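S.K.: These protein sequence lines are chains D and X, in that order. Oh and the first sequence: position 249 is 249 in full-length UniProt numbering, straight run, nothing missing. Oh and the second sequence: position 291 is 291 in full-length UniProt numbering, straight run, nothing missing.
These are computed hints drawn from the structure, not numbers from a lab. Since the structure is predicted, the reported quantities are computational estimates derived from the model, not experimental observations. Do not take every clue at face value.
[What the hints assert, rightly or not] Quick list of the computed label-pair ranges, beta carbon to beta carbon:
#: 1; chain 1: X; residue 1: LYS239; chain 2: D; residue 2: PRO17; range: 38 to 46 Å
#: 2; chain 1: X; residue 1: LYS40; chain 2: D; residue 2: LYS430; range: 45 to 53 Å
#: 3; chain 1: D; residue 1: LEU87; chain 2: X; residue 2: LYS239; range: 23 to 31 Å
#: 4; chain 1: X; residue 1: GLN485; chain 2: D; residue 2: SER84; range: 22 to 30 Å
#: 5; chain 1: D; residue 1: VAL457; chain 2: X; residue 2: LYS239; range: 54 to 62 Å
#: 6; chain 1: X; residue 1: VAL178; chain 2: D; residue 2: GLN445; range: 45 to 53 Å
#: 7; chain 1: D; residue 1: ASN472; chain 2: X; residue 2: TYR309; range: 30 to 38 Å
#: 8; chain 1: X; residue 1: ASN407; chain 2: D; residue 2: SER84; range: 32 to 40 Å
#: 9; chain 1: D; residue 1: ARG385; chain 2: X; residue 2: GLU63; range: 19 to 27 Å
#: 10; chain 1: D; residue 1: LYS154; chain 2: X; residue 2: GLU416; range: 35 to 43 Å
#: 11; chain 1: X; residue 1: ASN310; chain 2: D; residue 2: ARG385; range: 55 to 63 Å
#: 12; chain 1: X; residue 1: LYS122; chain 2: D; residue 2: GLU481; range: 57 to 65 Å
By construction, the Cβ of each residue, glycine as well, lies at the ideal position given by its N, Cα and C atoms.
2 protein chains.
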Amino acid sequence: MFPYKTSLKLNKNLKEPLYLQLANQFILLIREGNLPPGTKLVGSRTLADLLQVHRKTVVACYEELLLQGWVESIPKKGTFVNKSLPLAQKTTLVGTFKTSKKKSSGFNFYDNNCLSEKKTEKRKGVIYINDGTSDTRLTPTEEIARIYRKIASKKSAYTFLDYSSTHGNVKLREVLAVYLNNSRGLKISKENILITRGSQMGMWLSSQLLLKEGDIIVVGETNYSSADITFQYQKAQIKRVSVDENGLVIDQIEKLCKKQSIKAVYVTSHHHHPTTVTLSAERRIHLLNLAQKHNFAIIEDDYDYDFNYNHAPILPLASHDSSGNVIYIGSVCKTVAPVFRVGYLVASEDFVNEAAKLRGYVDRQGDALLELTFAEFIKSGDLDRHIRKLMKIYLQRRDLFCELLKNKLGDYFQFEVPKGGMAIWVHLNKQYSWSEVAKEASKHQLEVGEWQRYDLVNKKHNAIRIGFASYNDEEIKLLIEKLKQTFKSIKKVPIKHF
Amino acid sequence: MFPYKTSLKLNKNLKEPLYLQLANQFILLIREGNLPPGTKLVGSRTLADLLQVHRKTVVACYEELLLQGWVESIPKKGTFVNKSLPLAQKTTLVGTFKTSKKKSSGFNFYDNNCLSEKKTEKRKGVIYINDGTSDTRLTPTEEIARIYRKIASKKSAYTFLDYSSTHGNVKLREVLAVYLNNSRGLKISKENILITRGSQMGMWLSSQLLLKEGDIIVVGETNYSSADITFQYQKAQIKRVSVDENGLVIDQIEKLCKKQSIKAVYVTSHHHHPTTVTLSAERRIHLLNLAQKHNFAIIEDDYDYDFNYNHAPILPLASHDSSGNVIYIGSVCKTVAPVFRVGYLVASEDFVNEAAKLRGYVDRQGDALLELTFAEFIKSGDLDRHIRKLMKIYLQRRDLFCELLKNKLGDYFQFEVPKGGMAIWVHLNKQYSWSEVAKEASKHQLEVGEWQRYDLVNKKHNAIRIGFASYNDEEIKLLIEKLKQTFKSIKKVPIKHF
C-alpha cells in the first residue's frame with residue numbers, strides 16, 4: 001500500500017480545516033506522480049484509522065477531490081485517481097512535494113542591462129552618504145496619520161474605496177492646482193494635473209509616451225542617473241550637453257536642433273542634478289524658445305523647489321510655458337518623506353490624459369485615502385509650515401557641513417556652497433579616486449554609496465553628490481571625522497592643485 | 001511709462017510675501033516680452049508710490065530679480081532688464097500673462113491606440129453594472145486606518161519613511177509567504193515575493209519583462225480586457241484559444257507549441273475572466289507540463305481566489321509549480337477594497353529580482369506604512385475573518401441575483417450560476433444586442449458599462465459579465481427591475497431559443 005501515513009501530515013493547530021489539509025496534500029501527491037492516474041485510493045475507514053482522524057474528515061476530503069476533478073468514484077469499486085489526468089512531467093522527482101520555489105525560472109525573460117538595482121540596505125552603526133535625502137526624523141508622521149485616519153473614519157469614506165480615476169483624486173488635483181499656481185507661478189487648472197506615485201512615475205510615464213527606440217533626448221553631461229536609465233530603458237538615444245555654472249549649455253542644444261530632430265530635453269533647472277547649479281534666466285528663456293520653435297518637450301524635474309537658502313525659489317520653466325512644451329514633475333517625497341508616494345505631472349491636457357490612460361495599465365490608480373490626506377495637509381497650510389521648519393534646520397546643517405568640509409578636509413575636496421537643495425557637489429583631489437576612498441571608508445563604517453553613477457560617461461570629473469540634510473549636527477561631525485580617518489589611512493600626501 | 005499700476009497686482013491676503021509677488025509678476029512681464037531686454041525699470045520710490053507699498057518691498061523685489069539674473073543694475077543709471085536675455089518668442093501674445101495652461105501640447109507624443117480609458121464617473125441615483133467588484137461598504141476601513149495610525153505613531157516609524165526596498169516591505173513579504181503557503185499550498189519564501197500596487201502592476205511588470213514586439217502570448221478567446229491591452233501595449237502577438245466549460249482548451253496550446261515558440265500563457269485558472277469557469281484538474285497538469293517542456297511562462301492571475309461558494313478554493317497552478325514556470329499574481333484589492341493598492345507577484349527568485357529592479361524605475365517603491373498595516377491585518381487573522389464575513393454575504397447575494405435573473409428575466413438571459421467569484425457571465429437572447437440594451441437602460445438610470453470589452457475579437461457571443469457582490473438586496477431588486485423595464489421599452493417579443 002502507498003505510505004499514506006508518512007506522506008500525509010495533518011496539523012490540528014492550523015486554521016485550515018483537516019479535510020482541506022488532507023485534500024491539498026492528496027492533490028500534491030497526484031500532481032507530482034506519487035499517485036498516478038488510475039491508482040485506487042485506500043478506503044475512507046482505513047485511512048481514517050491510519051491517520052487517527054474522524055471518518056467524516058476523509059469522506060469530506062474525497063468529496064472535495066471529486067468536485068475538483070482529481071479523483072473519480074466508481075460505484076461499488078471505490079475512489080480512483082482520475083484516469084484522464086496527464087502524467088506528471090518526468091523531470092519532477094518523486095517525493096519532492098516539499099521542494100521550495102526555485103531560484104531560477106523555467107522560462108526566458110528579457111534582461112534589461114540598463115536597469116540598476118536600488119540599494120537601500122542599512123546596517124546599524126554605519127553612516128551612509130546619500131545624494132540629498134531628507135531627514136525622515138523630522139517628518140510630521142503622526143499628524144499625517146491622524147488626518148489619514150480621520151478621512152478613513154468618515155461615514156462617506158467608502159465612496160473613496162472603490163476603483164477611481166486614473167488621474168488621481170479630484171480634490172487633491174484641485175488643491176494642488178491652487179498650491180502650484182500660488183507657490184510656483186503656474187497657470188494651471190486641475191485638468192493639467194496627473195497625480196503620480198512620486199517624480200519617478202512622472203518620468204516613467206513621460207518616457208513611455210515620448211520616446212521609442214532611437215528617439216533623441218538631451219540631458220546634461222552629468223545627469224540624474226535614474227533619469228538616464230529611464231530613458232535608456234526605452235532605447236532612446238541620449239545626447240549630452242555640457243553643464244557649467246549656469247546649468248545646461250543651451251547653445252549646444254540649439255546646435256543639435258539644427259542637425260537633428262530632438263524629442264525632449266530633461267532638465268533639473270532649479271538645481272541641476274547632480275551639480276546643484278541653477279539654470280540662468282537667460283538660458284531659461286532660450287530653452288523655452290527653442291522648445292517652441294522645434295516642438296520638443298521639456299521634462300522639468302523640480303525635485304528640490306522648496307529648498308533655497310540664498311534667495312526665493314526661482315520660478316520653474318513651467319511658469320513661463322505658454323505653448324504647452326513643459327512637462328513639470330514634482331513630488332512631496334523629498335519634502336515630507338519618500339514613503340508618501342504622492343507626486344504630480346503637470347502638462348497640457350492632452351498629454352495628461354494620455355499619461356492617465358497609460359497609468360491605468362501600470363498600477364491602475366493611486367491611493368485616494370493618502371491623496372485626500374495630502375489635499376488636507378496642503379490646504380491647511382501644514383505643508384508650508386513644515387517646509388519653513390525644515391528650511392531653517394537644513395540651512396544650518398548646510399553651513400555646518402560646508403564649514404567642516406572646508407576646514408577639516410579642504411586638502412581633499414573642492415566644492416561650491418550650494419544655494420539650495422540638500423546636497424553638495426564635491427570634487428575629490430585628483431590624486432585620489434572615489435573607488436579607493438569608498439573602499440577605505442567602508443573600513444571606518446562609512447558607506448560612500450554608488451559613486452559610479454555620477455560619471456556614467458566616464459568623464460573622470462572625480463566628483464560625487466553628498467547630501468547634508470539628513471544628518472543632525474552630531475552625525476555631520478561624525479561623518480566628517482570618518483572621512484578624515486579614511487584619508488589618513490590612505491596615507492598619501494595630498495597635492496594642492498585639483 | 002509702462003503701465004506698472006495696471007500690470008502689477010498685489011494681494012496682501014496671500015501667504016506669499018509682497019516682494020515675491022512683485023518679483024514673480026516682473027519675471028512674467030519680462031519673460032513674455034512686455035518688458036523687453038534693455039528696458040529701464042521705474043525707480044523704487046516711484047513704484048512704491050504707484051503701488052502704495054513700502055519702498056523696502058520694491059527694493060527687495062529688485063534685489064531678487066538681480067539675484068535671479070532677470071535685471072542688471074548699472075551704477076548711477078538704474079535698474080535695467082538684462083540685455084543678454086533672449087527675446088521672447090513672437091508667438092507669445094503681449095499681455096497674455098493670465099493665459100492658462102494649454103489644452104494641447106507643443107510637442108508630439110506617441111498615441112497608444114490600444115490603451116482605453118478606465119471610466120469611473122458615478123452619477124447619483126444611477127445603478128452601474130460592474131464586472132464583479134466588491135462592496136466597499138463592507139470594508140473594515142476604520143480598523144485598517146487604526147492599524148495604520150498605530151504603526152505611523154510608533155517611535156521607530158521614521159525608519160520606514162525613507163527610500164526602501166523596491167521589493168516591498170520585508171515584513172509583509174514574510175507574512176505573505178506564510179499566508180500564501182498556508183492558504184494556497186504554495187511553497188515559497190519571501191525571496192519569491194515582490195509586493196506590487198495590485199494585480200495590474202504585477203501584470204505590467206511581467207509583460208514588460210516577458211514580451212517584446214512580435215512575441216507570442218496565449219490567452220482565452222474571451223479574456224480580461226486589461227490583460228489583453230497590457231500585452232498589446234508591448235506589441236506582443238496575442239494568440240487565442242477556445243474556452244469551454246473546463247476553461248482554456250489546453251490541447252490548442254499544445255498544437256501552437258508545435259508550430260511556434262510561445263513566451264507566455266495568461267490564465268485566470270480559478271475562475272476564467274470573464275466566463276467564470278474553472279480550469280479542470282486535468283488541464284492544469286497538462287498546462288504545467290507544457291510550460292515545463294516548452295519553457296514558457298504561465299501568468300496566473302488569481303484575482304478571486306478567496307470567493308468560492310460550492311467547494312473549497314482550488315489550489316492555484318503555482319502550488320504545483322516545481323520548475324519555476326508560474327508567475328502568480330494576486331492582490332487584496334478585490335478582497336478588501338481597490339483603494340488599498342497592495343498586491344503580490346510570486347515567482348522564481350531571478351524573475352522577482354528583475355521585476356523589482358524594473359519597478360524601481362516605474363514608481364520607485366511601495367508604501368511601507370500601508371504594507372506594514374496589511375502585514376498586521378493579515379497576521380492577526382483579520383483578513384481571514386473579513387473573507388469569511390464577505391463569503392456569507394456574497395453567497396446570499398449571488399443566490400438572490402441568480403434567482404431574480406432567472407425568474408424575472410429568464411426570457412432575455414441565459415447563464416450558469418457561478419461557483420465562485422463576484423460576477424455572472426450572462427448571455428443575452430440573440431434577438432437583442434448589448435448596444436441597444438445599454439442605450440435603453442441608460443434612460444432608466446442603469447448603466448451597463450463597457451459591454452464591448454467582452455468581445456474584443458468580435459465573436460458575437462452576446463455575453464457580458466454582471467457583478468453581483470457590490471449590491472445589497474434592495475439594489476439587486478432595483479437593478480433587476482430596471483433591466484425588466486429596459487426590455488419592456490425595447491418592445492420585442494423574445495424568441496425562446498438563444
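S.K.: Look at each hint and say if it fits the structure.
M.R.: Taking the hints in turn, this is what the structure says about them:
no. : hint                             : verdict
1   : X/LYS239 to D/PRO17: 38 to 46 Å  : holds (40 Å)
2   : X/LYS40 to D/LYS430: 45 to 53 Å  : holds (47 Å)
3   : D/LEU87 to X/LYS239: 23 to 31 Å  : holds (26 Å)
4   : X/GLN485 to D/SER84: 22 to 30 Å  : violated (47 Å)
5   : D/VAL457 to X/LYS239: 54 to 62 Å : violated (43 Å)
6   : X/VAL178 to D/GLN445: 45 to 53 Å : violated (34 Å)
7   : D/ASN472 to X/TYR309: 30 to 38 Å : violated (58 Å)
8   : X/ASN407 to D/SER84: 32 to 40 Å  : holds (37 Å)
9   : D/ARG385 to X/GLU63: 19 to 27 Å  : holds (26 Å)
10  : D/LYS154 to X/GLU416: 35 to 43 Å : holds (40 Å)
11  : X/ASN310 to D/ARG385: 55 to 63 Å : holds (57 Å)
12  : X/LYS122 to D/GLU481: 57 to 65 Å : holds (60 Å)
Hint violations for this structure: numbers 4, 5, 6, 7, all remaining hints satisfied.
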